[in-house]
Amino acid sequence: MPTIQIDGKEYEVEQGRTVLQAIDDLGLLMNGVEIPHYCWHPKLSIDGSCRLCQVEIEGVSKLQIACNTLVRDGMEIRTTTEAVRDAREGVMELLLVNHPLDCPICDQAGECKLQDYAFEYGAKHARTREPRRPAKKAIELGPTIVFDQERCILCRRCVRFCREVPRTGELGVFSRGEESRLEVFPGMKLDNPYSMNVADICPVGALTTKDFRFKVRVWFLDDVPSVCNGCSKGCNVWGSRSNNRLYRYLPRRNDAVNQTWICDTGRLSYKQFSEGRLSLPRIRGRETGYTEALAAAVRILSEAREAGAAVVGVASPFAANEDLFALRGLLSDLAAPDAVYTVPRGDSDDLLIQAEKAPNAAGARELGMRESAEGPGKAAVAIVLGHGFGPEAFEEVDALILIDTHESPLLQAAEVAVPSRSFAEKLGTFTNSARRVQRFQPMLEPRFEAWSEGEIVWRIGAGLGLDRFRSAYDPAAISRQIAEEFPAFAGISLESLDDAGRELG
Amino acid sequence: MIEAPATTSYLSEHYADEAYATLSGYEAKGGYQGLEKALGMEPAAIREAVKSSGLRGRGGAGFVAGVKWGFMPEQSDAMKLIVCNGDESEPGSFKDRLIMERGPHQVLEGILIGAWAMGAERTYIYVRGEYALSADRLERAIQELRDKGKLGRDCSGKSGFSHDIIVHRGAGAYICGEETGLLESLEGKKGQPRSKPPFPAQYGAFGLPTTVNNVETFAHVPFILDRGVDWFRGFGTEKSPGTTLFGVSGHVERPGLFEKPLGTPLGELIELAGGVRGGRALKGVGPGGLSMPILPSSDLDVGMDEESLSARGSHLGTGGIMVMDETTCMVRVACVISYFFREESCGQCTQCREGTGWLHKLSRRIEGGRGQPGDLEVLGRLPKMMEAQTICAFSDAAAWPIQGLLRHFRDDFESHLPEKSCPFGEGFEL
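Respectively, the protein sequence lines represent chains A and B. In terms of my numbering, the first sequence is residues 9 to 513. In terms of my numbering, the second sequence is residues -8 to 421.
Read the hints as simulated data drawn from the structure, not as lab findings. Because the structure is a prediction, the values reported are computed rather than measured. Any given hint could be a false lead.
Stated by the list, open to error - Below are the EDC-like pairs computed for lysine to aspartate or glutamate, each with C-alpha atoms no more than 16 Å apart in a straight line: (1) Lys375(B) with Glu90(A); (2) Lys375(B) with Asp94(A); (3) Lys386(A) with Asp406(A); (4) Lys70(A) with Asp387(B); (5) Lys181(B) with Glu191(A); (6) Lys375(B) with Glu97(A).
Take these sequences, add in the hints, and give me the full structure.
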């Protein structure tokens, strides 16, 4: 392993990496070692054209671009010298020569690398007196992306993304010199399942998503780390929220899961938390209070227990491991068989999109639940976590206790229905298709009274006087119990997990 | 067809003879004897000979050809390639055109020697799109070689030596003359220089190990092999041996090509071209094509080799000498030069894409009498922001001439500002 020096500090780095890659590997890039860059992206091929990442290397007369200079043992790199600063200032001044400087009306303002680095390295006043290059505004590149040609700095990240990641190659830079412009190839549209990633990697406000455009200024948003629940991949996301509302998902880098990407379907799934929610408990369709609904559920179950009638449980691959474990405990105390569940399926690809369209099917499997196409079969009572079977699966069930986040056809069939928190409103873990356990935390406060599925189950168990539910509901404690009971989960708990997650043993 | 050089040496000795462009005519003058000698030598010995001859690339950068040949991997599972750069596009430069038109077999012989020395199996000659006759002459010469079994499998009477040569016509972009821009273009892509590493010797055309040399560089090689290293070093200077075809153009009586040893004084070459036209006084000279800093008339004694020129703040480039007499407005020159580079920049690197446009707009404004205080400071600083920082040397080439103009002819620029017009006459807009 070569040892390199960065601004006087020594680091061991991997052979064959470039300076910028090595600094990124160390976790230091823009996080201790400031090397501004535009065209370089950790998950795309090296372009080397923005020339902003130039650094000084001992023994080399010219400045070198950090993104395409291979590390060698004993290399001494300097990132803070006057020559480096001069070069950065030069690049920034030139990038701004034809830039419209329309930050006040630009969506990227506040998270714009052009703005950030201009603030750091830019001149206070433009020295150019020449008219700015005319260019087009608001070009629709496809169904999801709008392009502002004036703002584009031609870093070509988006071009390389389309060629290298979805491998659809819709974009190119046409013409040459200062006439160069980003365009879709003739007759094409920027239309692929990952198209909106180009807006994330665009360092400026040139590419924006139609979905987020003009919705909110980014400085009103704060970003909460979470996990997409659209399929079993479990792509890591940032949920950007303001005033208890989610405005977007951005992919959150996790090299073991989704790199720096997310599919368009997953990206737009942040909307699920505000639409079609079940907001009030119901008893036989009549809206009621939480206490009444829980009491009704407890009554139904205790009658069944006294009568020795069959109780079954239906789990959901949308519920967290902690919810499923609580349900498992209740079923076991009621001498019910293992819960069944069903997983919606759809298209998949070799990039991120998985066929299982639920975030925690692997978790349900690991926790001993049984996938079934038919449903729970004949029973007196079914305790059901929603988002799975339709009403036809419960034709042979006398009383249905439904715990669900959204209104669904099952609502009509339910004796008791209790609204639960969506995963955006609670703390928990999912196990993805690669058996990686990932933590999520509340991004939103529920806008009506609601508990998590696990807590509702817990309170029903407590109402039934069952021992294991005597303490207060605590997902962290449940996750520790999971680790004790299931060897694969050993060492994994809500407290021990970080935002990168951990693979099951 | 352009005229044969007014002064000749070994390279252009027979260029006036039409038959020299054919195989029989070339062989009648001793052609392909260098190849015959080379094929009797170990490849390493040829590389060593070319290296010790000190032959420097004639495409503008002046890199020692033998050293470049040594970069090619000795052992390679992949086919090795030679690319001969005939995309001569440097304004003021027209020597490669003459060589391809009148001495195509010199180039081909040099290529075949290089092929044996480097173990290359195929050569692409990338010919500037406008050079139709050059491409035709080369193709005719290649066909002659094929017909005589000098190309193909086990060719030129040497078993185990296989080579073929393909002519590829460019489509008229200056940047495709840059080594790796050429490779991209050859592959059918947009002509944009590649970020290095990897270098062509590792990852060249189509990803194969490739050596790129200029047309003239190859043309010298047969003479080195045939007549020897010491003979070759008898021309030129210690560090820049051999002759070259200096092109002299601009305000001279008889523009044209002149074969002279490297190191020949600049003034002598201008005299060979009949001196400054109409008996006018000399104002400035671009010594190496459009891309090199322009020198003042006081530098006529400078030797036309890289060492002497760089000591005066310029470079040899392609040896295309552009003469400007006293009626020349140097702001107008800046305008023309920056217009060229603005048009031809590939647009990848920030400094070049944005800097070339700014340079042109700025010099155009000053030339048009719309200059403002502070403009000259920007014009002075801007080239510094553009040089030595980009993927290829194009940005330097755009910056250097402007630096030279400001260094030596600042008065021209300053006089435009208070007069609010061009003191050399109105009516110029580019």
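Taking 16 Å as the top limit, are the C-alpha atoms of lysine 375(B) and aspartate 94(A) close enough? 10 Å, holds
Between lysine 386(A) and aspartate 406(A), is the straight-line Cα distance small enough, at 16 Å or below? Cα-Cα ~9 Å, so holds.
Taken at face value, is the distance from the CA of glutamate 97(A) to the CA of lysine 375(B) at most 16 Å? 12 Å, holds
16 Å Cα cutoff - pair lysine 375(B), glutamate 90(A): 14 Å, holds
Just to be careful, I want the Cα atoms of lysine 70(A) and aspartate 387(B) compared with a cutoff of 16 Å; is the pair within it? 13 Å, holds
Pairwise hint evaluation, glutamate 191(A) against lysine 181(B), where the allowed Cα distance is 16 Å at most: Holds, at about 15 Å.
In the structure shown, no violation is registered for any of the earlier numbered hints.
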